[in-house]
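S.K.: Numbered by my numbering, the letters in the sequence shown go through residues 1 to 624 in order.
By construction, these hints were calculated from the structure, which means they are not laboratory data. Check each hint, because a few of them may be wrong.
Derived Cβ-Cβ restraints for the label pairs, each shown as a range [to be verified]:
no.	residue 1	residue 2	range
1	Ser523	Glu557	35 to 41 Å
2	Val528	Ala471	42 to 48 Å
3	Lys618	Phe579	21 to 27 Å
4	Val335	Ser523	56 to 62 Å
5	Ser529	Asp308	28 to 34 Å
6	Ala414	Arg461	23 to 29 Å
7	Pro90	Ser186	28 to 34 Å
8	Glu185	Ser402	57 to 63 Å
9	Ser523	Leu25	45 to 51 Å
10	Asp52	Val159	21 to 27 Å
11	Gly355	Gln287	31 to 37 Å
12	Ser529	Ala10	32 to 38 Å
13	Val528	Pro374	45 to 51 Å
14	Asp308	Asp458	53 to 59 Å
For every residue, glycine included, the Cβ atom is placed at its ideal position computed from N, Cα and C.
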Amino acid sequence: MKISYNWLQAYFEKPLPAPEKLAELISFGFSEVESVEKKGDDFVFDVKVLPDRACYALSHRGFAYDVSAFLGVPKKTVEYPQPEVKKTRPVSVRVEAPELCARYMAVVVENITPKEQTWAKEHLEAVGQRSVNPIVDGANIVMFDRGQPLHAFDADKVVGGIVVRRAKAGEKITTLDNREVNLDESVLIIADQESPLAIAGIKGGKKAEVTSATKNLILESASFDASYVRKASERLGIKTDASKRFENRFSADLARKSLGDFVAYLFEMDKNISVGETFDWYPNPVQVKKIQITPDYISAKLGMKLSDDVIEDSLARLLIGVGKAGGEWTLTPPVFRADLVIPEDIAEEVGRIVGYEKIPTTLPPKVSGNLETPKEFYYEWKIREVLVNAGFSEILTSSFSSKGSVAILKPLAADKSYARPDLRGSFTEALKMNSLNSALFGSDEVRIFEIGRVFTKDGERTALAIGYSGAKKKVAAALSEAGAVISEKLGATISGETKDGVFECVLDSALTKLPEPKSWDISIPASVSEKYKQFSLYPFIVRDIALFVPDGVGESEVEKVIADHAGEFLNSHHIFDVFKKDGKTSYAFRLLFQSLERTLTDAETNSWMEKINGAVQKKGWIVR
1 MKISYNWLQA
11 YFEKPLPAPE
21 KLAELISFGF
31 SEVESVEKKG
41 DDFVFDVKVL
51 PDRACYALSH
61 RGFAYDVSAF
71 LGVPKKTVEY
81 PQPEVKKTRP
91 VSVRVEAPEL
101 CARYMAVVVE
111 NITPKEQTWA
121 KEHLEAVGQR
131 SVNPIVDGAN
141 IVMFDRGQPL
151 HAFDADKVVG
161 GIVVRRAKAG
171 EKITTLDNRE
181 VNLDESVLII
191 ADQESPLAIA
201 GIKGGKKAEV
211 TSATKNLILE
221 SASFDASYVR
231 KASERLGIKT
241 DASKRFENRF
251 SADLARKSLG
261 DFVAYLFEMD
271 KNISVGETFD
281 WYPNPVQVKK
291 IQITPDYISA
301 KLGMKLSDDV
311 IEDSLARLLI
321 GVGKAGGEWT
331 LTPPVFRADL
341 VIPEDIAEEV
351 GRIVGYEKIP
361 TTLPPKVSGN
371 LETPKEFYYE
381 WKIREVLVNA
391 GFSEILTSSF
401 SSKGSVAILK
411 PLAADKSYAR
421 PDLRGSFTEA
431 LKMNSLNSAL
441 FGSDEVRIFE
451 IGRVFTKDGE
461 RTALAIGYSG
471 AKKKVAAALS
481 EAGAVISEKL
491 GATISGETKD
501 GVFECVLDSA
511 LTKLPEPKSW
521 DISIPASVSE
531 KYKQFSLYPF
541 IVRDIALFVP
551 DGVGESEVEK
561 VIADHAGEFL
571 NSHHIFDVFK
581 KDGKTSYAFR
591 LLFQSLERTL
601 TDAETNSWME
611 KINGAVQKKG
621 WIVR
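Make a model of the complete structure from these sequences and hints.
M.R.: Shown next as structure tokens:
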């Protein structure tokens with residue numbers, strides 16, 4: 001959501017902190033400010049409003065409420081003058097789907113002459129919105145201000161009354177962006193006696209579109225079921241600013257003031273308008289929530305002792321009413337705070353206002369006595385211990401696959417349409433990629449394993465995959481040896497299938513038969529501390545060099561000569577073979593060349609190898 005600094009300042013009597021400072025405070029307080037952009041004499045905040053606060057913070061007033069609470073700066077009341085009610089044509093509304101519509105308000109406005117409002121266009125542009133026409137601009141400004149979506153119909157294009165109903169099979173609507181949408185009974189629509197006028201909570205239709213020639217209006221302010229709006233907009237492929245707010249449970253109580261602001265905007269634009277009686281269908285008004293809590297509970301949840309006065313002050317800044325009966329408090333959150341439901345919500349809000357940075361760091365209490373260790377957890381770590389000590393590294397691959405027996409309802413991608421039926425698919429790819437890049441690791445072999453859940457038609461299982469890549473004659477032995485050591489350590493035989501350098505087995509049946517662990521005796525080698533080193537996105541080139549040197553010439557001396565003449569793009573090097581023959585020693589080195597800025601050529605690499613050969617021969621060493 002974007003919000004103008006100048007418009008935000010309009011909600012406060014006192015000056016707010018400078019834009020950059022305010023952005024920093026907001027990010028620490030309740031919402032991340034992704035950017036601050038200067039526009040003329042104004043600044044525009046691009047704020048990331050997360051779902052937990054979207055029920056009120058997807059509006060400028062809701063945002064100002066949070067700024068006021070967090071900074072402790074009082075927010076002023078901003079209201080607009082209303083015109084007198086006059087006699088107009090009647091508006092008839094019938095709600096046939098009350099399970100999807102909590103409230104529906106409508107009012108007729110007649111004899112309006114749309115006039116361009118420069119300030120409205122500038123305000124919309126500042127928050128990343130385009131101007132449509134003076135009337136629609138007013139609806140959008142109020143929506144961004146209050147959070148309540150609004151809609152205006154051209155009253156002269158509406159046949160009969162307004163009906164809020166489910167669409168009929170085969171009905172269609174052409175939306176305001178000229179898209180023809182097929183409807184069915186799952187879609188709630190706003191219709192007249194003849195046909196659909198709008199998709200409720202999502203998008204208006206062309207039939208009663210407001211234009212510069214519009215003279216008479218029916219204004220709508222309503223509240224639609226959040227789950228319905230989310231599912232319908234997803235299925236129809238239509239996401240709008242209105243649907244985003246409805247699906248985040250904006251309070252139905254906002255409808256009246258928002259409609260009043262829309263009327264006030266039109267009255268400011270044209271003082272000659274006639275505004276009729278407001279129709280308000282609201283059979284089940286939103287009930288004020290009550291939350292029972294104690295100050296001690298809040299302190300305990302936050303891990304710091306707060307006085308009753310500090311807690312009460314924090315609640316007052318959040319406009320949360322407090323009723324006291326002894327040590328028990330009854331709290332009444334503002335009706336627009338649909339996110340405040342349970343005592344934990346209150347503790348979190350108090351912590352936010354007080355400042356999380358003020359919560360002291362404390363160690364959890366030591367646990368005394370013997371702790372029970374889940375059997376499966378223990379033996380999975382025992383397998384890790386065996387494999388890590390044998391030189392294997394653990395990897396984690398995706399739990400999704402392009403095939404399987406358990407389909408994903410909403411897959412992230414085409415190749416992630418199923419829950420993986422085994423580890424082998426993605427694990428084999430990981431083994432291959434590690435093998436292709438093994439030179440970067442300074443090794444000629446790759447040893448990896450994975451323990452993870454797989455999803456078969458018979459249910460979830462825990463599987464183990466072990467992979468080896470290196471000399472072909474070592475593959476079978478390395479996997480067999482790893483399996484044998486695991487079986488020995490567990491005291492139970494694990495069996496599975498070996499293919500393409502990968503052994504895989506299902507662990508469930510073997511682990512079930514094992515005894516309960518008596519103690520935690522797992523010993524995993526400590527990780528080696530490493531400093532981050534920038535890596536290249538460009539391909540590397542590998543070259544090998546083997547040479548005979550006289551006895552007494554050490555590995556480090558040979559290595560230094562090679563490194564000194566290998567050029568600036570020598571990324572890494574390591575020795576991979578040593579043997580002695582006829583009083584001489586043979587050393588074989590693997591060199592890896594790579595640039596951080598471009599792809600190297602074979603010709604460049606060959607020139608460096610020639611320099612190395614020349615330097616070696618000057619020493620009297622023989623290149624094999």
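S.K.: If a hint holds in the structure, say so; if it doesn't, say that too.
M.R.: Hint by hint, here is what the structure shows:
no.	hint	verdict
1	Ser523 <-> Glu557: 35 to 41 Å	holds (39 Å)
2	Val528 <-> Ala471: 42 to 48 Å	violated (26 Å)
3	Lys618 <-> Phe579: 21 to 27 Å	holds (24 Å)
4	Val335 <-> Ser523: 56 to 62 Å	holds (58 Å)
5	Ser529 <-> Asp308: 28 to 34 Å	violated (47 Å)
6	Ala414 <-> Arg461: 23 to 29 Å	holds (25 Å)
7	Pro90 <-> Ser186: 28 to 34 Å	holds (32 Å)
8	Glu185 <-> Ser402: 57 to 63 Å	violated (35 Å)
9	Ser523 <-> Leu25: 45 to 51 Å	holds (48 Å)
10	Asp52 <-> Val159: 21 to 27 Å	violated (43 Å)
11	Gly355 <-> Gln287: 31 to 37 Å	holds (33 Å)
12	Ser529 <-> Ala10: 32 to 38 Å	violated (53 Å)
13	Val528 <-> Pro374: 45 to 51 Å	violated (30 Å)
14	Asp308 <-> Asp458: 53 to 59 Å	holds (58 Å)
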